[in-house]
Amino acid sequence: MSTTKASLGTLFLMLSLAAPALGQEAAPRQPVTDKTKERWAKSQGGRFGFEIDVLSSSYQREIAAANGEEASVEESSRLGVAITAATQYKLFAGLHLDAEIPFVYGDVSGPQSTDLFGRPFSSGAGYSQFFIGNPTFGLHYAANALPILALFGGMSFTIPLHPHPGTELEVASVANFPARAYFDAQRVLLAHWAFRARVGTEINVGKVLFLTHDLASQVFFPTRDGEDTKTVIEQGNEIAFRPFGSFGIGVRLQAAFPLSSTNSAQLAAEPFVDWEPLVKGSFTRVGALVALDDDLGFGLDQGKVATIRVALGSKW
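With mature numbering (1 follows the signal peptide of the UniProt record, and there is no 0) as the guide, the letters of the sequence shown map in order to residues -21 to -1, 1 to 295.
Heads up, a few of these hints could be off.
Unchecked claim - Listed next, the in silico PhoX-like pairs over lysine-lysine satisfying Cα-Cα at most 25 Å (straight line):
{"hint": "1", "residue 1": "Lys186", "residue 2": "Lys259"}
{"hint": "2", "residue 1": "Lys283", "residue 2": "Lys69"}
{"hint": "3", "residue 1": "Lys186", "residue 2": "Lys294"}
{"hint": "4", "residue 1": "Lys186", "residue 2": "Lys283"}
{"hint": "5", "residue 1": "Lys69", "residue 2": "Lys294"}
{"hint": "6", "residue 1": "Lys21", "residue 2": "Lys259"}
{"hint": "7", "residue 1": "Lys69", "residue 2": "Lys21"}
{"hint": "8", "residue 1": "Lys294", "residue 2": "Lys259"}
{"hint": "9", "residue 1": "Lys186", "residue 2": "Lys21"}
{"hint": "10", "residue 1": "Lys294", "residue 2": "Lys21"}
Hints were generated in silico from the structure; no laboratory data involved. Bear in mind the structure is a predicted one, so any value in this text is a computation, not a measurement.
Between the sequences and the hints, there should be enough to build the whole structure, so can you do that?
In structure tokens, the structure reads:
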């Protein structure tokens, strides 16, 4: 009898010791979510993708007859296509390395007139050319101040690959210059060094509503004699609604203030649809940026700025 009791006691002791271990093994592992990684903000983590901007515009203008000649019609068209490879890479903590390089095609036919932040530029012939735009490198820091609020700020500099461009190259760049309504002009404004400081916030409300606000100041230093330094202030606001997981719709409202230009402010709006996972995966965005006021708008009028914008890539 004592032997039986001893055996039962030993079995009970073994089971009692094994129970916690079995319970730990059976417990489900915590899923990796955007909250644990704090990676829902676009300014955080690693990203690589391509930003594609397509600007096509044309107009016709009737020229009155002079000296007995018949009236004529003046035609002008412009096509600008820019594909920019852009990446951000997390170095450590919240510090990220930023880099971008644009590949640009411009085709212009007929007379064109553009204000390059205070320097009037015009051409009357037809030009078509592909070129590599100005590469940009920078650093930014991003961190969560609250679970629903992320802050970011950083600086970048742009290297002028074409410090003394010829007429054909400059016309091709001018075809793309207004595509983003004076935002990110460092990509195609040739013959200038550019330095940019940028700060902003990202807000996530219930993983359904996402808001972004950013403010940047960019200074351009010319590489050619006789040109002045140029300064542009950029302010952007985005709201995206994603009730069905990664898929969302939204709108971007932005304002650029070229301090050295006759156009003191340029407003634009961009409705868009996107696919943006919370933590990692592939992303896509398709939008149409429309300039709202002079000089570039209204964008749906002849010869004005309405740009198809596409972004696609992956984040990790």
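Query raised in the report: Is the hinted pair Lys283 and Lys69 satisfied, with a Cα-Cα distance of at most 25 Å?
Result: Roughly 39 Å separates the two Cα atoms, so the pair is violated.
Query raised in the report: Do the alpha carbons of Lys294 and Lys259 lie within 25 Å of each other, as the hint requires?
Result: holds (5 Å)
Query - Pairwise hint evaluation, Lys21 against Lys69, where the allowed Cα distance is 25 Å at most - result: holds (12 Å)
Query raised in the report: Is Lys69 within 25 Å of Lys294, Cα to Cα?
Result: OK: Lys69 and Lys294 at ~11 Å, within 25 Å.
Query raised in the report: Given the hinted pair Lys186 and Lys294, is their alpha-carbon gap at most 25 Å?
Result: holds (18 Å)
Query raised in the report: If you draw a straight line from the CA of Lys186 to the CA of Lys259, is it 25 Å or shorter?
Result: holds (15 Å)
Query raised in the report: Does Lys21 pair with Lys259 here, judged by a C-alpha cut-off of 25 Å?
Result: holds (10 Å)
Query - Agreement of Lys186 and Lys21 with the hint, judged by alpha carbon distance not exceeding 25 Å - result: Since the Cα atoms of Lys186 and Lys21 sit roughly 13 Å apart, the hinted pair holds (cutoff 25 Å).
Query raised in the report: Taking 25 Å as the top limit, are the C-alpha atoms of Lys186 and Lys283 close enough?
Result: violated (37 Å)
Query raised in the report: Is it true that the CA of Lys294 sits at most 25 Å from the CA of Lys21?
Result: It holds: about 9 Å lies between the C-alpha atoms, which stays within 25 Å.
Violation of the numbered hints given earlier is confined to hints 2, 4; the remaining hints are satisfied by the structure.
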